[in-house]
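Novice: Once you've looked at the hints, go ahead and assemble the two chains, each given alone in its own frame, into the complex.
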Amino acid sequence: MKYFASVVLSLLAVCVYSTFSTAAYPDKAITYTIPFGPGGQSDIEARRQQPLLEAALKQKIVVQYKPGGGGSVGWAELVQQKPNGYFMTGINIPHIILQPMARGNAGFATEDIVPVAFFQATPIGLAVLKDSPYKDLAAFIAHAQANPGAMTIGGSGTWSGHHVAHLQLGKMSGTEMTYIPSTGAADSVAQFLGGHVQALWANSSDLVQHADKIRILAYGTKKPFVGAPDVPTFESLGFPLYASIDRGVGLPPGTPVEIVKILEKAFLDIATDTEIQKRMIEEGYQPLAMGYEESKAYIADMVKQWEPIVKEFKKN
Amino acid sequence: MDLVIEGLLAVLIPANFLFLTVGVFTGILFGALPGLTATMGLALLIPLTFTMNPTAGLIMLAGIYVGAMYGDAIPAILINTPGSPAAIATTFDGFPLAQKGMAQHGLVAAAFASAYGSLVANIVLITAAPPLAVFSLKFGPPEYFWLGVFGLTIIASLSSGSMIKGFLAGAVGLLLSAVGMSPIGGDVRMTFGFPQLQAGIELIVALIGFFCLPEILSNVVGKRRATYAKDLVTPTLSVIGEVIVSLLKKPVLMLRSSAIGTIVGFAPGAGGNIASMVSYNEAARWDSNPEEFGKGTIKGVAASEAANSAMAPGSLIPLLTLGIPGSPPAAVILGALMLHGMRPGAELFTTYANVTYAFMMALLVAAFLVTFIGSFGSFLFSRIINIPSRFLAPAIIFMTVLGSYSIRNNMLDVWIMFFFGLVGFISNKLKFHPAPIVLGLILGPFVEEGLVKSMLTGKAAGGILPYMVFRPISLVLIGLSLMSILWPFFAQWRSNRRQNRTAGSGRGESQCD
Chain G
1 MKYFASVVLS
11 LLAVCVYSTF
21 STAAYPDKAI
31 TYTIPFGPGG
41 QSDIEARRQQ
51 PLLEAALKQK
61 IVVQYKPGGG
71 GSVGWAELVQ
81 QKPNGYFMTG
91 INIPHIILQP
101 MARGNAGFAT
111 EDIVPVAFFQ
121 ATPIGLAVLK
131 DSPYKDLAAF
141 IAHAQANPGA
151 MTIGGSGTWS
161 GHHVAHLQLG
171 KMSGTEMTYI
181 PSTGAADSVA
191 QFLGGHVQAL
201 WANSSDLVQH
211 ADKIRILAYG
221 TKKPFVGAPD
231 VPTFESLGFP
241 LYASIDRGVG
251 LPPGTPVEIV
261 KILEKAFLDI
271 ATDTEIQKRM
281 IEEGYQPLAM
291 GYEESKAYIA
301 DMVKQWEPIV
311 KEFKKN
Chain Z
1001 MDLVIEGLLA
1011 VLIPANFLFL
1021 TVGVFTGILF
1031 GALPGLTATM
1041 GLALLIPLTF
1051 TMNPTAGLIM
1061 LAGIYVGAMY
1071 GDAIPAILIN
1081 TPGSPAAIAT
1091 TFDGFPLAQK
1101 GMAQHGLVAA
1111 AFASAYGSLV
1121 ANIVLITAAP
1131 PLAVFSLKFG
1141 PPEYFWLGVF
1151 GLTIIASLSS
1161 GSMIKGFLAG
1171 AVGLLLSAVG
1181 MSPIGGDVRM
1191 TFGFPQLQAG
1201 IELIVALIGF
1211 FCLPEILSNV
1221 VGKRRATYAK
1231 DLVTPTLSVI
1241 GEVIVSLLKK
1251 PVLMLRSSAI
1261 GTIVGFAPGA
1271 GGNIASMVSY
1281 NEAARWDSNP
1291 EEFGKGTIKG
1301 VAASEAANSA
1311 MAPGSLIPLL
1321 TLGIPGSPPA
1331 AVILGALMLH
1341 GMRPGAELFT
1351 TYANVTYAFM
1361 MALLVAAFLV
1371 TFIGSFGSFL
1381 FSRIINIPSR
1391 FLAPAIIFMT
1401 VLGSYSIRNN
1411 MLDVWIMFFF
1421 GLVGFISNKL
1431 KFHPAPIVLG
1441 LILGPFVEEG
1451 LVKSMLTGKA
1461 AGGILPYMVF
1471 RPISLVLIGL
1481 SLMSILWPFF
1491 AQWRSNRRQN
1501 RTAGSGRGES
1511 QCD
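Residue numbers (our numbering), protein chains in the order written: chain G, 1 to 316; chain Z, 1001 to 1513.
The following block holds chain Z by itself, in its conformation from the complex (with noise of 0.2 angstroms):
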C-alpha cells in the first residue's frame, strides 16, 4: 500500500505529471489517425526516454498507451473509420450517433467508458497480477484455436440481417487473411507476383477501405450532401454530465465489458482487437432493449471502448509479471524496461518496485486524464464533422492515402486500400456489413495458427482431437461458441413469443437514459 501511495506521489511531481499530460495528447493523436498506431507512438519516444530517469519515460509512455486507447475512437465516431482495429465495435453505435447530430454523445461516452475500462483493469493490474498472469499461461494452442472459433461464432449476432450474408463475409475475411506468408509453415500464398504481398494483408488499410471510403463515396459523394453528417452537432456542457450519469446507471454493463477486455488482454498473444467485438456482442445480447444497438446508442460505444481501453493493463499482466508482452505496444513497453535494465518478472517487484508502482499508477492517473481531455475536447472534436463536406471528404481521402501508406512505407497498400473501397462500396449496397469480413481477417492467422500448431502437438502426443478438446479452458470456449452460435435463433424465438403477448404497446425510449 505504501508502494501505491509513493507509485502516486511520483505521478503528481510537477514534471513527471507535465510528461504524463504530453504522454496522454501523444497518445491521443496516435490513436486517433488511422495508419498511426499506439505501438509507433511508444517506439518513437522510446529514444526519447534514453536520457530521462526510468520514471518518468514509463510515466510519459503509461500515457502514450492510454491516451491511444481513447484517441482510436475519435475518427470512428466521426467518419466510421476505426483509429485502430481495436475499435472497430465502436464505429458500429458511434457512427450513427454522429449521424443523428449526437457526436458529442458518442465521443463523451467513448472518454468516460475508455476511463472507466482502463480503471478497472489496472486495479485488476495492481491486486491480481501474479496469480493472472500464472493463468495467462494455459493459453496454449488449443485454447487459442477455439478463443478464435468463438470469435467468429460474433459473425452470427453482428449479421442480424442475413446470416448468410454475414457468415459468407466472413469467410470472405478469411480468405483474405490467408494471403502472404503462412503463420506457422512459412510458405508463401496468394501473393500474385508481389514480394510485398508476402506480408499480408494489412489489417489497418482492410479498415480504411471496407469502413471509411464506401462512407465517403455513398453519403459524401452519391447524395452529394453538404456535409458529413445529416444533423449539425451543436455540443453543450450539460451533454457530459447526462451522458456520464446514464453510463454510471448501467455498472453491469460497464463492469462487464471492463472485464472481458481484462481478460482478452492477459491471455497473451490475443490482442485487444476481438476484445471490443465480444464486449459489444454480449451489451447487445443481454440489454433490454436489444434492438437499440447498431441504430446510435451511447451503450453500444461505451461498451466496446471499455473494454479495449482494458485491454490496455490488461496485456500488462504478463508483461510485468513474466516479461510476456500480451500486445504489439506492451512488447515496446518490454523493450523500453530493457534498456533501463529492468528486467520484468519478480525483480520489478522488488528491486524495482518504485518505478514499477510509479507506472502504474501513471496508468490510473492518465484514465482519468482522458476523461477530462476527452470530455472538454469533445467540443473541438465533434465540431469536426459540421465542417462542409467539400473541405472535410479530401482531407478525409488524403489522410486515408497517408494512414494506409505510412503503416508500413508501402504504395501497395494505397491501392489495395482503394480496391478495398470500391468492394466495399458495393457491397454495402448489397447489404452485407463490413465488419464480418474485418473480423475474418482478424481472426484467420490466430484461428490457422491455433489450429496447426495443435495438430503438431497432438500428433506428438498421439491423439489430436483429444488434445484439442479434453482441456478444461478448451471445454469452457466450446460451450460459449455453441451458445453465441445458437443465441440469434433464441433471440428470435424469445421476440417472437413477446411480440405475441405485448402486441400493441409500442416502446419510445430516448437514447440517453
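One chain only, chain G, in its complex shape (with noise of 0.2 angstroms):
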C-alpha cells in the first residue's frame, strides 16, 4: 500500500510537474548538440549564440558535439530524444533533407524533426583559379560542352549541396562535367589551389577566404550575395540554380508549440542583432532570421525541388 501510494503520488507530481513545466521552461540546462566535430563552423556559431542565448534563456546551455555521417549521427540521436526542448541539435539545409532521401536508412526522417529557427546561409558558388582561361560562366559552360565529361569541379561530399548544385547545373546547361568530391570542404578547397581540380563547388566562406587566388563565375543565390555583390547569380546568367548551406537549430518530433516559440525568440533575437550581422558578413556568412513556420515551409519547399534531382540521377 505504501509502494501503490509511493507510485501514485509520484506520477502525480510528474503530472504536475509535466503541465506546469511548460509554463517555467526552461528551468534547467539545455543541451545543444553539434552534429559535427569540434572547431567547424557550426561549433563556432553555436559558441557565439551560446553566452547570448544563456542570458537570454537564463539557463546553462551546454554545447557537445555528436559528430558523423555528415550529421546523420546527431539528427539520428535527435529524433530519439525527449520533446520537452531541452536536448535541441544543429541542423543544416541540404544535409538533413537529402541524406534520408539518398540513402535511405540515415536514422531519421526529414519531416521528424522540428526547425526552431535558421539563422545563417552560406551560399555555393562555383569558381575558377585567377590564372584560369575561363573569364566568365558562359566561356566555362561552353568549354565544358565542347569536351564532354573532362571538366572536373571539385565539392565537398557525395549528395551533399555542391553535390546536387553539380548536377542541376550539368541538367540546365545539358553539359556533362565530372564531380571530384572530398571528405571536406578544407580538402577539396586544397586539391583545387593545387590544381588537381578544374574548378570548384564551395561556400562563400571558403571562397572569400582564398578571394586573392580565385574567380568566383556565380553565386546560387537570388539576389547577389551581400559579401560579394560584384559576382552574378546563376539566375542572372539564364540558370535558376538555388544553392546554399542553411544553418539552423532543431528539436525532437512532438515538441510542444510553445516550447518552440520560446526557443525561437531566443535565436532569432540573436540573429537579427545587427552587430552579429555585420560580423558574420565578414567572415562569408548571409545572415537569416528565419522562424519556426518559415522554416518549415522552406524545408517543404526544397524537398519538392531536390527529390526529382536525386531520384533521377540515384538511379546510374
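Warning: the hint list may mix true and false statements.
[Stated by the list, open to error] Quick list of in silico lysine-lysine cross-link-like pairs, DSS-like style, CA-CA up to 30 angstroms:
#, chain 1, residue 1, chain 2, residue 2
1, G, 82, G, 222
2, G, 304, G, 261
3, G, 311, Z, 1138
4, G, 278, G, 296
5, G, 314, G, 213
6, Z, 1249, Z, 1295
7, G, 314, Z, 1459
8, G, 58, G, 261
9, Z, 1249, G, 213
10, G, 60, G, 265
11, G, 296, G, 314
12, G, 296, G, 261
13, Z, 1230, Z, 1429
14, G, 296, G, 82
15, G, 222, G, 261
16, G, 213, Z, 1459
17, G, 278, G, 60
18, G, 135, Z, 1459
19, Z, 1138, G, 135
20, G, 130, Z, 1459
21, Z, 1431, Z, 1295
22, Z, 1459, G, 171
23, G, 222, G, 265
24, Z, 1138, G, 130
[As the list claims (entries may be wrong)] So, partial list: chain Z residues that the calculated Cβ filter (under 7 angstroms) puts toward chain G:
#, residue
25, 1039
26, 1195
27, 1323
28, 1332
[Unchecked claim] Here are some, though not all, of the chain G residues that point toward chain Z, as calculated from beta-carbon distances under 10 angstroms:
#, residue
29, 38
30, 40
31, 43
32, 47
33, 57
34, 151
35, 184
36, 212
37, 268
38, 270
39, 272
40, 274
Read the hints as simulated data drawn from the structure, not as lab findings.
This structure is a prediction, so every number in the text was calculated from the model and none was measured.
Beta carbons are placed, not taken as given, at the ideal position from N, Cα and C, and that holds for glycine.
Specialist: What follows is the structure, given as C-alpha cells:
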C-alpha cells in the first residue's frame, strides 16, 4: 500500500510537473548538440550564440558534439530524444533533406525534425583559379560542352549541397562535367588551389577566404550575395539554380509549440542583432532570421525541388 | 628578424607567459587522457579566447597544441595506451621500457624528443613556410594514394615475426576502416542496422580496445601480478641528464625523425598519425642495432615523439600561409584566427605580423616548457605504475570506458571498445601485433579516398594509370614503397651474412648510451 501510494504520488508529481514545466520552461540546463566535430562552422556559430542564449533563457546551455555520417548520427540521436525542449541539435539544409532521401537508412526522417529557426546561410558558388582561361560562366560552360566529361569540378561530399548544385547545373545547361568529391571543404579547397581540379563548388566563407587567388563565376543566390555584390547569380546568367548551406537548430518530433516559440524568439533575437549580422558578413556568411513556420515551409519547398534530381541520378 | 624578437618578447610578457604555461598544462592533460584530444582542448578554449586579445589567446592555443603532442606519450609509455593515434609508435618501445622499470627514461626521452621535434619544425615554419606551402599543394589524389600505400608497407617491417600475420592483421584493419559511410561515394556500408555506425569505427576507440585492454587482461588479470610493471621504478635526477645527453649524441636520428614529422605535417590532410610510425620504422631500419627496437629503447620513443611533435608546427605551414589546415587541431586554430578577423594568407604576415610571430614564438617557447615540465613531471608520472594493480587496473578500465564514450558521446563505442579488447587479447595470444590492425584502420580511408578520386579524375583526363603513376612525387613514393616492402628481405640477407662473419662475438650494450 505504501508502495502504491508513493507510485501514485510520484505519478501525480510528474503530471503536475509536466503541466507546469511548459510555463516555467526552461528551468534546467539545455543541451545544444553539434552534429559535427569541434571547431567547424556549426560549432563556432553555436559558441557565439551560447552566452547570448544563456542570458536570454536564464539557463545554462551545454554544447556537446555528436559527429559522424555528415551529421546523420547527431540527427538520428535528436529524433529519439524526449520532446521537452531540453535537447536541441544544430540542423543544416540540405543535409537533413538529402541524407534520408539518398541513403534510405540515415536513421532519421526529414519531417521528424522540428525546426526552431535558421540563422545563417552560406551561399554556394562556382569558382576557378585566377589564371584559368575561363573568364565567365558562359566561357566555362561552352568549354565543358565541347569536351563532355573532361571538365573536373571539386566539391565536398556526395549528395551534399555541392553535389546537387553540380547535377542541377549539368542538367540545366545540358553538359556533362565530372564531379570530384572530397571528404571536407578544407580538402577540396586544397585540391583546387593545387590545380588538381579545374573548378570548385564551395561555400562563400571558403571563397571569401581565398578571394585573392580565385575568380568566382557565379553564386547560387536569388539576389547578389552581400559579401560579394559584383559576382553574378546563376539566375542572372540564365540558370535558375539556388544553392546554399543553411544553418539552424531543431528539436525532437512532438515538441510543444509553446516551447518551440520560446526558443525561436531567443535564436531570432540573436540572429537579428545588427552587430552579429555585420560580423557574419565579414566572415563570408549571409545572415538569416527564419522562424519556425517559415523554416517548415522552406524545408517542404526544398524537398520538392530536390526529390526529382535525387531520383533521376540515384539510378545510375 | 625584428619581428621574431618582438614576437619572443610578446610571449615573455608575464601575463602571456602564464597563459602559455596554462595552455601547455591543459594540452598535456588533454593529450594524456585517451578520449580527450588536442582538437577538443583547443575547441573548448576558443570561447575563452573571445574576450582575450588575439595575441594572448593564440599564445594559449599554441601551448595546448604543443603540450598535447607530448601528453599523448605518457599513457603510451606507462600503460601501453596511446593518448592519441599519433603516439601509437611510442608504445612500441615506451611500454617495454616501463616494464623494465625504466618508465622515467621513456618519459624524459619523450619530453626531450617532443621538444626537439617541435623546435626543428618551428624553425622550418618561421624560415621557409611560403615555398613549402606551395609545394604541399602539389599533393593531389594520386600522391595521397601512394603515401597511404607507403604507410601500409610499414607493416612488412612492423611484423618482423611473421609477415603473413602482419598483413592479415593489416587487412582486418582495412576492412574495419570500410565500416560506415564511404569517404567519397557516401554509401553506407556494414552498419548492421546501427545508425551510429554510419560514422565508422573511431580510431581512439580501436586504440583503447586493441592496446590497453589486452594488456590489463593478460598482465594483471591473467598473471595476477601485484603491480602493472614487472619492476618498480625509482625516479632519479641523474636519469634526466643521462637520457638527454644520449639523445643529443644521436643527431641523425633526431633530425631525421623531426624532418619526417615536418614533411608529413605540411602535406595537407595527411595528419600526424602516420608520421610517428614512418619515423619509428626508419629509425629501426638505419640503426646499427635494429634488434634493440621493440624491446625498450629510448631511441624508439624519441623517434616516434620527435616526429609527432614536429608534425604540429608542420601542419601550421599550409594553414598560416594558405589557410588550409593540415590537421584537425590546425582546423580549430583556423577557426580561432577567423573569429579574431585574421584571414590566413599574406595578411597574416603583414597586417597581423605581430600576432603571427608571437604565435610562432609561443610554439617555440612551449617546446622548452614541455622539456622542463616533462623532465620534472617524470618523477610524478612514472610513479603511477608503482600503484598496486588492484587500484590501478580498475582506474584504467574506468578511464577506458570514459574515454571511448566521451570521444563521440556514443555508448556503442564503449561496447566496440570492449569487443576489440577481447579480440586483441586473443590475437595477442596468437602472436598478432595490434599495430598493423590500427595502421590499416588509419590508412584505409586515406588510400580509398586517393584511389577513388584518382580514378574519377583520371577518367576525365583520359587515362587512369598514366594519371596516377607519371607524376614526380608519385614516382618517388612508389620507389619508397618498393624499397620499404623489400627491405625485410634485404635485412635478413644482410644479418645472415653478418652472423656468418662474426659468429660468436656477443653484444652487451646497455640501453642508454
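Novice: Hint by hint, where does the structure go against what was stated? Just the numbers, ascending.
Specialist: Violated hints (numbers, rising): 1, 3, 5, 9, 33, 37, 38, 39 and 40; every other hint is consistent with the structure.
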